[in-house]
Amino acid sequence: MKYLQTQNQIFTLQQNIDDTIRDFTIFFNSIKTQKRYQTVLKQFFTLLEIVQLEQL
Amino acid sequence: MVEVKKVFDNFRESKSKYAPHSKSHLLNPATINNIAYIIKSFFNYLIHYYNYPKNPLSHYKPLKTKEHSSTQSLDRGELLEILKYAKMEYLDILVKSASAKKHLTKLRNYLIFGLLALSLRREEIVNIKWDDLQEDSFLLIQQKGGSYKYIPLPS
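Protein chains in written order, with my numbering: chain A, 1 to 56; chain B, 57 to 211.
Treat each hint with caution, since some may be false.
As the list claims (entries may be wrong) - Here are the computed lysine-lysine pairs in the DSSO-like style, where the Cα-Cα straight-line distance is at most 30 Å: (1) B:Lys117 <-> A:Lys42; (2) B:Lys61 <-> A:Lys32; (3) A:Lys42 <-> B:Lys61; (4) A:Lys35 <-> B:Lys122; (5) B:Lys122 <-> A:Lys32.
Stated by the list, open to error - Chain A side only, calculated, beta carbon under 10 Å to chain B, not exhaustive: (6) Gln15; (7) Thr20; (8) Asp23; (9) Phe24; (10) Ile31; (11) Lys32; (12) Tyr37; (13) Val40; (14) Leu41; (15) Gln43; (16) Leu48; (17) Leu53; (18) Leu56.
I should point out that these hints are in silico values taken from the structure, not numbers from a laboratory.
By construction, the Cβ of each residue, glycine as well, lies at the ideal position given by its N, Cα and C atoms.
Chain B on its own, in the form it takes in the complex:
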């Protein structure tokens, strides 16, 4: 029986992204895992239909791949776009309506997105008091674990 596992290991090492000697034929770890999966499933087929004794890649450990977070988040561009829109809406309502309640709602929306841009948590934003504003340029924030941090405010 040919040592399929050994050949595959050699193949994997030669094509791996971290192998310095094969810069011209680099493969992503995910691609190598994909190839391994294909070969493994082919040997499973051989076992099932041709009584092949053992799958040589049965104990293959997949290479580590980059994990992507499943939490959706806004990127900087999107956040700035929302901020711009919130500011525009606030200025617009200031001109068009005399209602103080409407002014405050739009101002609140603008401030929430502005504070989110400072990487604050929802809870931290909700708990901000006027007293937390220090010398008009710093915000004193109580963090998740109970500790405090100073946030410099942009001018």
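Isolated chain A (complex conformation):
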């Protein structure tokens, strides 16, 4: 069980930052808002040179 938890954690951390952003923006109903949030966050993380969640 512990092994599975660790594996799950590693998998989560290796998740692409773009996917995380997409998961986050799904909470917003308006497509316009979703796109705005995605653009801002992608630009910001490109500036930080962050590709994966574990880099944060």
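Dock chain B against chain A, hints included.
Just chain B now, with coordinates in the frame of chain A:
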């Protein structure tokens, strides 16, 4: 952990309207606040779903933005339009009706808008007496705090 706060501060300074070195990429303070809000809410999401330790922008102070007054007011064009209409109505009633009461009502309306155009308060307009008219070209007005001021009347 990457110093998100530091990067954001640098980003904010480089894009800020007051930064002289980045004239080609100026951003409004409201836009920067908006971006900060988006990043902050993303980190809140990470804290909630991915056990991220701390929000780097939790103490972010929003930049000052231009405040707009919530009081509705007429602009010069609108006021002149109303004045023109009030004058037209007064002249119209002078021709059409012989009733002095009607003449006075329309004249009063015209005068109220005319005096509002001189930036007088409602109370100041209500309290004007004939004696306040000085040499036919100045109005002596008692202001809110009790002081007096002279208003030159347009010819």
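The hints, checked one at a time:
{"no.": "1", "hint": "B:Lys117 <-> A:Lys42", "verdict": "holds (23 Å)"}
{"no.": "2", "hint": "B:Lys61 <-> A:Lys32", "verdict": "holds (27 Å)"}
{"no.": "3", "hint": "A:Lys42 <-> B:Lys61", "verdict": "holds (16 Å)"}
{"no.": "4", "hint": "A:Lys35 <-> B:Lys122", "verdict": "holds (27 Å)"}
{"no.": "5", "hint": "B:Lys122 <-> A:Lys32", "verdict": "holds (25 Å)"}
{"no.": "6", "hint": "Gln15", "verdict": "holds (9 Å)"}
{"no.": "7", "hint": "Thr20", "verdict": "holds (8 Å)"}
{"no.": "8", "hint": "Asp23", "verdict": "holds (8 Å)"}
{"no.": "9", "hint": "Phe24", "verdict": "holds (5 Å)"}
{"no.": "10", "hint": "Ile31", "verdict": "violated (16 Å)"}
{"no.": "11", "hint": "Lys32", "verdict": "violated (13 Å)"}
{"no.": "12", "hint": "Tyr37", "verdict": "holds (5 Å)"}
{"no.": "13", "hint": "Val40", "verdict": "holds (5 Å)"}
{"no.": "14", "hint": "Leu41", "verdict": "holds (6 Å)"}
{"no.": "15", "hint": "Gln43", "verdict": "holds (9 Å)"}
{"no.": "16", "hint": "Leu48", "verdict": "holds (6 Å)"}
{"no.": "17", "hint": "Leu53", "verdict": "holds (7 Å)"}
{"no.": "18", "hint": "Leu56", "verdict": "holds (6 Å)"}
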